Structure formats: C-alpha cells, structure tokens
Amino acid sequence: MTCSLDIFFLEAVLNGILLAGLLALLSLGLNLVFGVVDVVWICYAELVMIGMYAIFFAYSTLGLPLPLAMLIGITFTALAGVALHMIVIRPLLDAAPINQLLATGGVLFLLQAAATLAFGIEFRNIGVHLGSASLGEMFFSWGRIITFSVALATMLGLRYFLRHSYLGLAILALSQDRHVMPLMGADSRRLYAATSALGGGLAGLGAALMVLQFDIYPQIGLQFGPLIFMVCVLGGLGNMLGGFVAALVIAQFITIGSSCFATEWGYAIAFLFFILMMFIRPQGLLGARS
Amino acid sequence: MSMLELHGVCAGYGGFRALNDVSMAVEAGESVAVIGANGAGKTTLLRVISGMLPASAGRLSMEGQDLRALPAHKVLSTGIAHVPENRHLFPRLTVEQNLRLGAFLPSARARFPERLDYVYGLFPRLKERRLQFAGTMSGGEQQMCAIGRALMSGPKLILLDEPSTGLAPVVVQQVFDLVRKIRDDGYTVLIVEQNVTQVLAVVDRAYLLSVGRVEMSGRSADLLASEAVQKTYLGL
Amino acid sequence: MKLNPAYAVGLAALVALPFAIRAVFPGSEKYYLHIIIQMLLWAQIYTGWALMGRFGLTSLGHGAFTGIGAYVTVMLWNFVGLTPLVGIPVAVCVAVALALLIGYPSFLQRIRGHYFALLTLAMVEFVRLCIIGLRDFTGGSLGTQPVRYGDGISLYAVQFEADRMIAYFVALAVWFVGILVWVRVDRSMDRYALEAIGQDEEAAAAVGINVTREKLKITALSAAMCAFGGAIFAQYQMYIGPDTIAGFGVSLNIVFGVVAGGIGVMLGPSIGALLTQLLSEGLRMFFQGSATLNAMLGSRALSLDTLIYGVLLVLFIIHMPRGIVGTAMDLWRRRRGGS
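Residue numbers (my numbering), protein chains in the order written: chain H, 1 to 290; chain F, 1 to 236; chain A, 1 to 339.
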C-alpha cells in the first residue's frame, strides 16, 4: 500500500468525486433506456465510442469548429440509438430480455469492428488540452470539473423532464404498462423511438466530454461499459439520482484504490463492491423494492 | 346518424371468433349497457371499438368517421375514451401523474387545469391522494382514478369495462352513482357489466350479448322484465 | 448407454480423420490439424457453457472460468513447479469455488435473467482485472507462457503441442468427454427439474424441486467444464493472455458460438465451434490471399471476422434463436411428422 492520509489522499478523494461526474453522465442515457423502459443495450459504451469517433472525424479530419463537431456527434449517436431500436430491439420487444442483451452484444462486436475498419487500432486524440485548476497543492483537470457540472445539470434536467413533461411522463408510463398507451392517445412506437433518440443523444453528450480527456480507440468501450452497467444497477434502475450516488461510491473505490494500489485494483475493488451489494441489496442503493 | 355505429362486426383471437356479426348503435347523450355471461364477448367488443383489437369484418364508425381505418392511438382523438378491464393504471406514477397522462392528447393539454378540477370535484378522495402512487390505492380508488383519467381527455363517449369487478358492494354502489353522475353531465356512456340489476338501473338501453352475438336489445326496463334475462342472469 | 449407429460411425470418422488428412495433405497436415484441434477445444468449452445456457441461466461470465482454468494451471507450473496433472484439478476447484460463491447468493436472492447476466459480467471483469493486477505473476496484459518441459511432449507437464497428432487425440478425448457429460445431464432427472425451473421457478419450487441446489449443481458443472477446457487450451496454445482466454470478449464469443450452433442440442455448440473457427480462419486466408484487400485494409482486416460475428449474432437472435442445428432439427421434425 503506497498511500497515507495526506494531501494526495484528499486529492484522490476529490478527484473521485469529479470522476463520478463522468460515470454519472455516461450512465444517464443507459439508465433511461435500461432503467426506465427496460431495454438492454449492452453495446451502450460502443455508442459512446462511435460518438467519440464522429466528433474526432468532424473536428480533426473535416476541420469543423469543436462545438459544431460535438453537436454532430450527439446527433449521430441519437440517430444511431433510434436505428438500434428499430433494427435490433423492436423485433425482440416481446422476447425474453436476455435476447436483447445477446443481440446488442452482436452490435457491440459490429461497432468495434466497424470502428477498427474505419479508423484503425491506433489511438486518436483531438488534441484539445484544457489544463488543470489548482487548489493549494492539489490539481484538478478542467475537463473533469466541466464534466461534473454537465453531469449534475443533465441529471437534474432529465429528472425534471421525466416527471413534469408530457413526453417524459409517457416514457415513464411506457415501462409500467406498455399496452395501455394507445388509450392515452400515445403511439408506443414513437415513444420508444424518442427514448432511443434521447438515450443515444446522451451517449453522444458523454462522448463529447470524453474526447476532451481521453484517447480514442475501438476497444475503449470495454474499459467502461461494464462499469456503467454497474452504476445503473447499483443506483437502482431508472433512478437518475441513484445513478449519481452510485457513481460517487464507485468512483471513490476506483480513485482511492488506484492511488493506494495499482489502477487495476481500484477497478477490481469497485466490481467486488458491486457484486457484494447485489447480494445485500439487489434493488440497488436507491431502488425501491419491487 | 347515431354517434357510435357498428354493423356486422366480427373479431377474434387467432382461430377463435369472439364477436360474430354484431350490430349496435349508441346515440349521443345516451347511456347503454352490454350485458351477458362470462366469455360472451363483452370485453372484446369494447377493445374492438377502442382499436386495441382489430375487427376482422364489419363497419365501425364514430360520428361518421371510420374507426377501422385508424391506428389504435388515434381513436382517442375521435372522442372515445376506454376505461379498460382491471383499470390498468400506471402503478408507480402518482394519481395526478396518471390523470395528466389522460390528457396526453395535444388538444387536451390546454384544458388540463380545468379538467383536473372537474375530476377532483367528482372524486374528492382522489384529490386527497393526488401524490400517492396509484398502485398502492384500494380497488375502488383505482377505479375512480381510471375513470377520472379517461375524463381528462374530454371525451364524448366513455367505454367502461366491468367497473364493478372485484369491488366491495358499497364501493360498487358508488361506482354506479358515478356513472349516473357522468351521464347527467352529458357524457355518452357504453358500459359492459356482469352486475345486471345494478347496471340496468343506470342506463337507458341495453344489449344482451351471448357467445359473440346480440341476442336481445331494448329499453332497460323491458330487458329487466323479460323472461330470458330473469331466468338466465337473475336466477329467477 | 445405447449408442445410435450414426454416432458410432461419426466417432470412428473423427478417429480416422488425422490419418486421412496426413494422406491427402502430406505437407500441411500440421496446419489443418491445428484448425480442427481449436474447433474441438472450443467445442468443449461451448458445450460446458450450454449446460447452463440451455436452461435459461445465461452467463456472460464464463470467460472467468476459462481464465481461471488456464491461469491457475500455468501459474502453479511456472512458480511452484506443480505438475498440471495436479494443477488442472486444482484450477477446476478454484473455478467451481468461484461459481458457488457467486451462484449461491444470486440464486438465493432470485437474481435472474439479464440481471444475472450483468452480475456474471461484473464477475468476469473482476477476474480479468485481478489477472492484470497480478502482473508480476501473470505477465499483465501481455500474457505469459507455461515453461516448456523438455522437448514439449510430456505427460508430467501435460504438454503435447509439439506433436499435432497427439494433440489431436487429446483434444478429441477432451471434446468427447464433454459430449458424454452433456448426454449424462440430458438423461438425468436434473434436466427435467432445470427445465421446470427455467419455465416457472415458483411452480417448480411448489412441486418440491430444490431450485437453488439444482441451479448450483449445474453452475458448478458448467464452470468445471469450462475451467478444464481453459486449462487444456493453455497447455495446447502454450500461451495465455487476459483477453485470449479470459474476459468479457471470450464470454461473448462463447455465447455467439453456442447461439449460432444451437443451444439445446447435443452437437449444437460443436457446430458453433466449427462455424466460428472456420469463419476466422477462412477470413484470415481470404485476406492474406487477396492483395488488394490487404493493401486497402492492412491490419484492420483482422477485425472483419468480428464484424461478421456481430451481424450474424444479431441475425441469429432475431431470426434463428434456436441456432443452426436447432432450426434444422425443427424443420426436419416438421417435414417428418406433419405439424
């Protein structure tokens, strides 16, 4: 163990909070699709990955200004989400949910391979460096600070949208009783499409913040994909606030574990924690018992 | 022209024919009941009208508009609101959220506040429980909420599918009082029921459905007095 | 156990196969045998997964069991000098222990369906991270090799890669035992209990079936088979890596293979292994042979098989969830006996 309770430990803890912002942001879209309407996109991280490549292509290859490139990325992933729903999920809506998981597993393969074919396995980077802010002897990357703020704002916005707008309420209702929606005058197909677009778009938003901080490569989804699922389930499926809390907890394990041991152990402990929590409280930290 | 018209409607599930050549009409402002034994096709009838089940043959129209040509989610905008069997509220949404979803139609959203007041006026108990999850309420309260939800869209015709099922007798009485009130407020009501005596007391006319066909129809007093109804359904 | 004559003929053909290959392709027998050996080894692993998968216990974590089988065996050999004859059983026990440790609370808590799958996903990630974390022993992300013993053929070191003929028969034996295990389970009372559980757990429990115990038994057996397969695979390949024999990617490969081949059928997983190995080898040859494609895609061409896997998996789940063999059997049955 190479750490003691000093300033670096505090820095790790605070960095953990900031990292939680990224995990929470990434999990929002998945929580909407998986947690709210109960559709399993195991390839969700790969949607983020192709969003990152889209932004990279628009910015670094086409030379478009970064905000526009990000907008393109978000639109791209939103459309990808809708396409994923229409082509893969729709035929499987009434089949066992495990089939959705397996079919989107196929899409996972597909997207990773497509990205490799299009861009190769080399690491790419958009080359934007935001620098760090300092607080005493501690340094925090601006990228992470911005991500945390965006995550918090998006989480609150999404929560409000779901509970107080007609479309949001209809999305919540969709997962509770899909067959009654026509009696409300609501077209289920349109609702699923809207949710998929929203979920995909949120993946794109995550991608926009990730390109500021990480290199892009086709397998990157395998690094955080399982982690995002853990965050959603741990927080209580469909609970956006729960996802944020779960992200905070998991991120602490990762950063403290990484600074005290090696990076892998931080993640390993996080997964171990998840497994244990599933046994102790399967509905998640803030989930309601069903 | 009647408000709701059915001519020779047939419908079924797979190979099973649940409705066979059913013809009926409901005039604006009327209240009409459909009675019959279990499995007679009553619920199927309402589901065909609201579009939840496609008709395989026949004509179906609301104020002259062909219902068979419409997808299920468009039927509500013709003015037909369906309160399904077993209520089907959204269990993890609050009473008020359920009611709001009843006003999902763009044309209904503008009138949401006034309609909400109307519904709360009809059901003061719902107003007390407006922030309670619908799934945690009693059967009677859920039925009120389901009817209220249907009213939120400002319908002309309300389809009620066995509203008294599974409810205590006192509550059943309240439900039928409510049907009377809605009728008096000007809504057209088509109600499907097993509870023959009670329902015939609140409607003008009734149809007797048996094995998917209309066996008999007429004014409720006549039906109540008829031998067939008395013997088969009232055990007399 | 009655033996259908067709199976006896098939088995005899498989025994004769390497000799036939040697006769027909005298120079390149090593290459063809290599392909078939891989098919057999993966077929055994796929069959092990299918023991659970056919009853609705879909695990995405079996990469952990193959990984444990491979790494524990090789670590014990490399660092303790323990012969794999003992090391492999030890590895299998470790895998079974993990399976029970994860399985018991899961089944008790009634964690099922895609939630169970996600739990197994956490498990396989945990194992992969531990493998990488213990890099001083395991070589981290680069992997490692079992220390070669003598000339590479040894019963003591369970090494046989140097002689492809011996390797072939080892693989054939391993595969055959796997099939026997599958058949044994198929004909047992547990199979019916597990099918009942798969259809309606509460009803099964009401009839007196010990749901948790049945699930644990099949999970332990499945983990044991995959761990064993992983260990033998390590001994054959003479190389192990956290992504080649462990990890979520391996789990997904297994699932794809079984789904494509046919999940509830004895030879389904084996056909799936045939398909996956043919696919990757075929594509590799195709691209090496084609100069234009090579120039166009370069090293990226390696991912083309993954692309095809992905598309096929989607198509199979949507249109042929019973896999090639399963669908073929359905068609055959319908032709034979009317509908």
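These are calculated hints, taken from the structure and not from any lab test.
Values in this document were obtained by computation on a predicted structure and should not be read as measured data.
The beta-carbon is built from N, C-alpha and C at its ideal position, and this holds for glycine as well.
Just so you know, not all the hints are guaranteed correct.
To be verified - Chain A regions said to be covered by chain H (calculated; three or more residues, Cβ under 8 Å):
no., region
1, 98-107
2, 113-122
3, 270-276
4, 328-334
Structure-based check of each hint:
{"no.": "1", "hint": "98-107", "result": "holds (count 3)"}
{"no.": "2", "hint": "113-122", "result": "holds (count 8)"}
{"no.": "3", "hint": "270-276", "result": "violated (count 0)"}
{"no.": "4", "hint": "328-334", "result": "violated (count 0)"}
Of the numbered hints stated above, those contradicted by the structure are hints 3 and 4, listed in ascending order.
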